[in-house]
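Add chain B to chain A, keeping to what the hints say.
Protein sequences appear in the order of chains A and B.
The working numbering numbers the first residue of the first sequence as 347 and each following residue consecutively.
The working numbering numbers the first residue of the second sequence as 347 and each following residue consecutively.
Just so you know, the hints here were simulated from the structure itself, not pulled from any lab data.
For glycine and all other residues, C-beta sits at the position ideal for the given N, C-alpha and C.
Any given hint could be a false lead.
Computed cross-link-like contacts, DSS-like style, restricted to lysine-lysine with a CA-CA straight-line distance of at most 27 Å [as the list claims (entries may be wrong)]:
hint : chain 1 : residue 1 : chain 2 : residue 2
1    : B       : 577       : A       : 577
2    : B       : 412       : B       : 349
3    : A       : 645       : A       : 668
4    : B       : 577       : A       : 358
5    : B       : 402       : B       : 384
6    : B       : 516       : A       : 402
7    : A       : 354       : A       : 511
8    : B       : 544       : B       : 426
9    : B       : 455       : B       : 489
10   : B       : 553       : B       : 489
11   : A       : 489       : A       : 451
12   : A       : 402       : B       : 577
13   : A       : 402       : A       : 432
14   : B       : 349       : B       : 668
15   : A       : 516       : B       : 402
16   : A       : 402       : B       : 402
17   : A       : 358       : A       : 670
18   : A       : 643       : A       : 513
19   : B       : 455       : B       : 668
20   : A       : 402       : B       : 488
21   : B       : 358       : A       : 577
22   : A       : 386       : A       : 402
23   : A       : 553       : B       : 402
24   : B       : 426       : A       : 577
25   : A       : 402       : A       : 354
26   : B       : 432       : B       : 384
27   : A       : 668       : A       : 643
28   : B       : 426       : A       : 488
29   : B       : 362       : B       : 668
30   : B       : 553       : B       : 577
Far from chain B by the CB rule (all over 10 Å, computed), these chain A residues [stated by the list, open to error]:
hint : residue
31   : 368
32   : 373
33   : 486
34   : 535
35   : 545
36   : 565
37   : 604
38   : 607
39   : 613
40   : 614
Residues per chain are reported as follows:
2 protein chains.
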Amino acid sequence: MSKTIVLKQRPKGIPKTSDFEFIEEEQPLPNDGEVLLKTKYVSVDPYLRGRMRDEKSYIEPFQLEKPVASAIVAEVMESKHDDFKKGDFLMGMLDWKELQVNSGKELRKLDPRLVPLSAYLGILGMTGLTAYFGLNRIGAPKKGETLLVSGAAGAVGSVVGQIGKIKGLKVIGIAGTDEKVAMLKDEFGFDSAINYNKVTDMASAIKEHAPEGIDVYYDNVGGNTLDAAMKNINRFGRVINCGAISLYNETEQPTGPRLETTLIKQSVKMQGFIVSNYEEDFLEGIQQLSQWLLEGKLKQEETVVEGFDQIPQAFIDLFNGKNKGKMLVKVY
Amino acid sequence: MSKTIVLKQRPKGIPKTSDFEFIEEEQPLPNDGEVLLKTKYVSVDPYLRGRMRDEKSYIEPFQLEKPVASAIVAEVMESKHDDFKKGDFLMGMLDWKELQVNSGKELRKLDPRLVPLSAYLGILGMTGLTAYFGLNRIGAPKKGETLLVSGAAGAVGSVVGQIGKIKGLKVIGIAGTDEKVAMLKDEFGFDSAINYNKVTDMASAIKEHAPEGIDVYYDNVGGNTLDAAMKNINRFGRVINCGAISLYNETEQPTGPRLETTLIKQSVKMQGFIVSNYEEDFLEGIQQLSQWLLEGKLKQEETVVEGFDQIPQAFIDLFNGKNKGKMLVKVY
Numbered sequence: 347m348s349k350t351i352v353l354k355q356r357p358k359g360i361p362k363t364s365d366f367e368f369i370e371e372e373q374p375l376p377n378d379g380e381v382l383l384k385t386k387y388v389s390v391d392p393y394l395r396g397r398m399r400d401e402k403s404y405i406e407p408f409q410l411e412k413p414v415a416s417a418i419v420a421e422v423m424e425s426k427h428d429d430f431k432k433g434d435f436l437m438g439m440l441d442w443k444e445l446q447v448n449s450g451k452e453l454r455k456l457d458p459r460l461v462p463l464s465a466y467l468g469i470l471g472m473t474g475l476t477a478y479f480g481l482n483r484i485g486a487p488k489k490g491e492t493l494l495v496s497g498a499a500g501a502v503g504s505v506v507g508q509i510g511k512i513k514g515l516k517v518i519g520i521a522g523t524d525e526k527v528a529m530l531k532d533e534f535g536f537d538s539a540i541n542y543n544k545v546t547d548m549a550s551a552i553k554e555h556a557p558e559g560i561d562v563y564y565d566n567v568g569g570n571t572l573d574a575a576m577k578n579i580n581r582f583g584r585v586i587n588c589g590a591i592s593l594y595n596e597t598e599q600p601t602g603p604r605l606e607t608t609l610i611k612q613s614v615k616m617q618g619f620i621v622s623n624y625e626e627d628f629l630e631g632i633q634q635l636s637q638w639l640l641e642g643k644l645k646q647e648e649t650v651v652e653g654f655d656q657i658p659q660a661f662i663d664l665f666n667g668k669n670k671g672k673m674l675v676k677v678y
Numbered sequence: 347m348s349k350t351i352v353l354k355q356r357p358k359g360i361p362k363t364s365d366f367e368f369i370e371e372e373q374p375l376p377n378d379g380e381v382l383l384k385t386k387y388v389s390v391d392p393y394l395r396g397r398m399r400d401e402k403s404y405i406e407p408f409q410l411e412k413p414v415a416s417a418i419v420a421e422v423m424e425s426k427h428d429d430f431k432k433g434d435f436l437m438g439m440l441d442w443k444e445l446q447v448n449s450g451k452e453l454r455k456l457d458p459r460l461v462p463l464s465a466y467l468g469i470l471g472m473t474g475l476t477a478y479f480g481l482n483r484i485g486a487p488k489k490g491e492t493l494l495v496s497g498a499a500g501a502v503g504s505v506v507g508q509i510g511k512i513k514g515l516k517v518i519g520i521a522g523t524d525e526k527v528a529m530l531k532d533e534f535g536f537d538s539a540i541n542y543n544k545v546t547d548m549a550s551a552i553k554e555h556a557p558e559g560i561d562v563y564y565d566n567v568g569g570n571t572l573d574a575a576m577k578n579i580n581r582f583g584r585v586i587n588c589g590a591i592s593l594y595n596e597t598e599q600p601t602g603p604r605l606e607t608t609l610i611k612q613s614v615k616m617q618g619f620i621v622s623n624y625e626e627d628f629l630e631g632i633q634q635l636s637q638w639l640l641e642g643k644l645k646q647e648e649t650v651v652e653g654f655d656q657i658p659q660a661f662i663d664l665f666n667g668k669n670k671g672k673m674l675v676k677v678y
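Excised from the complex, chain A in its bound form (with noise of 0.2 Å):
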């Protein structure tokens, strides 16, 4: 028997683990051209939270009753497939089953003696492609800027501090508890940082830390982050809009303070990506990141939970800020 998690019902708010059933299902057969996976590492990401919703976006919303997908390392139990043996490690979106058949069209073969294979969902995947081309590409940092991070101690959050840092630029995180501020400074090489929930007025904490004002500002939270942050922003400064946590879970259409004025008088440019537009360039990302990794430059941090009964859970502590840097399943 084999496992598999569908979407029962469409999240209202934070998600719950009730919106997600477990369904027992026979052990699938590979046909010719197939292969046998076994899942060993599910990726939860903030962004699934959208595709939850019933709403026309860059990828199709989830259909109720049909399994939640995600990026996923498993392993080949059963090959029909030329290109892949057993025991070969296989990755890329996945649905959140134990056992699944594939025609491996959209996988990738994995190296598990280069890095630890959790690193190929993190660093080596789509976060660490993430920050990287969202922050080179959009951002266009220059040495001696100052780099505003939010969701700095998340998966990719981390790693755009880390690159600010390698080219030369002041990084300033922001994430939501003391022992995630000390680990951007200790273990990140940030400069600073700052507590979201013992700080009442972000703009001013901003000023603080950056009386000099932002250049680029990595946003992954949005809302009154942003708002924060652009009462900051430098002339010619670069907003990354590459997520908006906060705002995932809203159930009404999210209000705020106008933004163009502050985008026209101070020529401010604001740009929302998906990494998949730099597909051609993953290469270059990875290559880039790996060398980095090597060298030490970059390093990565993962919580990890163990368990295939554990995913929906761990997907659902996103949004409660419960993660270090990637936040991962392992099943066995």
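Same frame as chain A, but now just chain B:
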């Protein structure tokens, strides 16, 4: 004697003529290295409203009891400056005075035989350049794309739409009267236009005119119109934040729907600018605009009000949509 217009008090909401005061001064006399100038054409522009607030911006605020200034074409009445002689026409940022002396340092000599003098304040001046650089550098329009322009019958918008047509785009304008809508289509070659005063749901109206969605939105007005455009923005859309005239007279911080989720989902760029960001390339812009003008590909529309005393009212009328194309005051 010579009249000067000073800022009497900072406007609250839409400016009133009582916010300005006319003062009579002795006729000034030029010293060595100076010219005596007689104001011929005065440009009134929405951005001047921002300078009437006591707020940090890209340009310092006007001082109370001091003259208001804007782009002006003036004739040299007397010259003690080697580069200029009596009868020359000069332009630059000058005070709202009938007569003034100036060192000429930041003034440019105009050729009245090439184009009418008023064109130097419009299509070959700041407004033409604002249209040209905003659309080209930020919008990066591609043939076959759909361009939406708000404030389309205004000084900048009417040029933006025409450049859009020259570049092979489908162009849709938004303006405030049926007469302006007709002008956009018949005179400027827009593919279609929307009268915002006859529309209750702007987002649906845009969708009707552009079922294929908007690739480039050139925004002169901000506020609700921007929100409606964002509901129709395509993936990889570009929003050029040129002006926000709908907000300039707000007395409270304007609020609206948060846009970061749309920016992310659709990989959209929003970018504000002021024309002087592109100062190094003004010559390129002027040459291209002049060529299009001489080839008859670009038409200019002007609303010319006569008389020095009409300057404040002409400025105020910008916020009531009284102008078609560039709003100018002809002093003599």
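Going down the list of hints, with the structure as the test:
1. B:577 with A:577: Holds: residue 577 of chain B and residue 577 of chain A sit about 26 Å apart, inside 27 Å.
2. B:412 with B:349: Cα-Cα ~13 Å, so holds.
3. A:645 with A:668: Since the Cα atoms of residue 645 of chain A and residue 668 of chain A sit roughly 19 Å apart, the hinted pair holds (cutoff 27 Å).
4. B:577 with A:358: holds (23 Å)
5. B:402 with B:384: Given that 27 Å is the threshold and the Cα spacing comes to 31 Å, the pair is violated.
6. B:516 with A:402: holds (25 Å)
7. A:354 with A:511: Judged against 27 Å, a Cα distance of about 43 Å means the pair is violated.
8. B:544 with B:426: Not OK: residue 544 of chain B and residue 426 of chain B at ~56 Å, beyond 27 Å, violated.
9. B:455 with B:489: Not OK: residue 455 of chain B and residue 489 of chain B at ~37 Å, beyond 27 Å, violated.
10. B:553 with B:489: With a Cα-Cα distance of about 20 Å, the restraint between residue 553 of chain B and residue 489 of chain B holds, given a limit of 27 Å.
11. A:489 with A:451: violated (41 Å)
12. A:402 with B:577: holds (11 Å)
13. A:402 with A:432: Between residue 402 of chain A and residue 432 of chain A the Cα gap is close to 39 Å, so the pair fails against 27 Å, i.e. violated.
14. B:349 with B:668: holds (25 Å)
15. A:516 with B:402: Given that 27 Å is the threshold and the Cα spacing comes to 25 Å, the pair holds.
16. A:402 with B:402: violated (40 Å)
17. A:358 with A:670: holds (25 Å)
18. A:643 with A:513: Holds, because 11 Å separates the two Cα atoms, which is no more than 27 Å.
19. B:455 with B:668: violated (30 Å)
20. A:402 with B:488: Roughly 25 Å separates the two Cα atoms, so the pair holds.
21. B:358 with A:577: holds (23 Å)
22. A:386 with A:402: Between residue 386 of chain A and residue 402 of chain A the Cα gap is close to 31 Å, so the pair fails against 27 Å, i.e. violated.
23. A:553 with B:402: Holds: residue 553 of chain A and residue 402 of chain B sit about 16 Å apart, inside 27 Å.
24. B:426 with A:577: violated (47 Å)
25. A:402 with A:354: Status holds; Cα separation ~20 Å.
26. B:432 with B:384: Given pair residue 432 of chain B, residue 384 of chain B holds - Cα atoms ~11 Å apart, limit 27 Å.
27. A:668 with A:643: holds (25 Å)
28. B:426 with A:488: Violated, at about 47 Å.
29. B:362 with B:668: holds (15 Å)
30. B:553 with B:577: holds (9 Å)
31. 368: Residue 368 of chain A is indeed farther than 10 Å from all Cβ atoms of chain B, at 30 Å.
32. 373: Nearest chain B Cβ is 38 Å from residue 373 of chain A, so the label holds.
33. 486: Non-interface label on residue 486 of chain A holds, nearest chain B Cβ at 13 Å vs cutoff 10 Å.
34. 535: holds (28 Å)
35. 545: Consistent with the label, residue 545 of chain A stays out of reach of chain B, its closest Cβ about 20 Å off (over 10 Å).
36. 565: Residue 565 of chain A is in fact no farther than 10 Å from some Cβ atom of chain B, at 7 Å.
37. 604: It is violated; residue 604 of chain A is separated from chain B by about 5 Å at its closest Cβ, not greater than 10 Å.
38. 607: violated (5 Å)
39. 613: Given that some Cβ of chain B is not farther than 10 Å from that of residue 613 of chain A, nearest at about 5 Å, it is violated.
40. 614: Incorrect as stated: the minimum Cβ-Cβ distance to chain B is 6 Å, not above 10 Å.
Hint compliance for this structure: hints 5, 7, 8, 9, 11, 13, 16, 19, 22, 24, 28, 36, 37, 38, 39, 40 are not met, and every other hint is.
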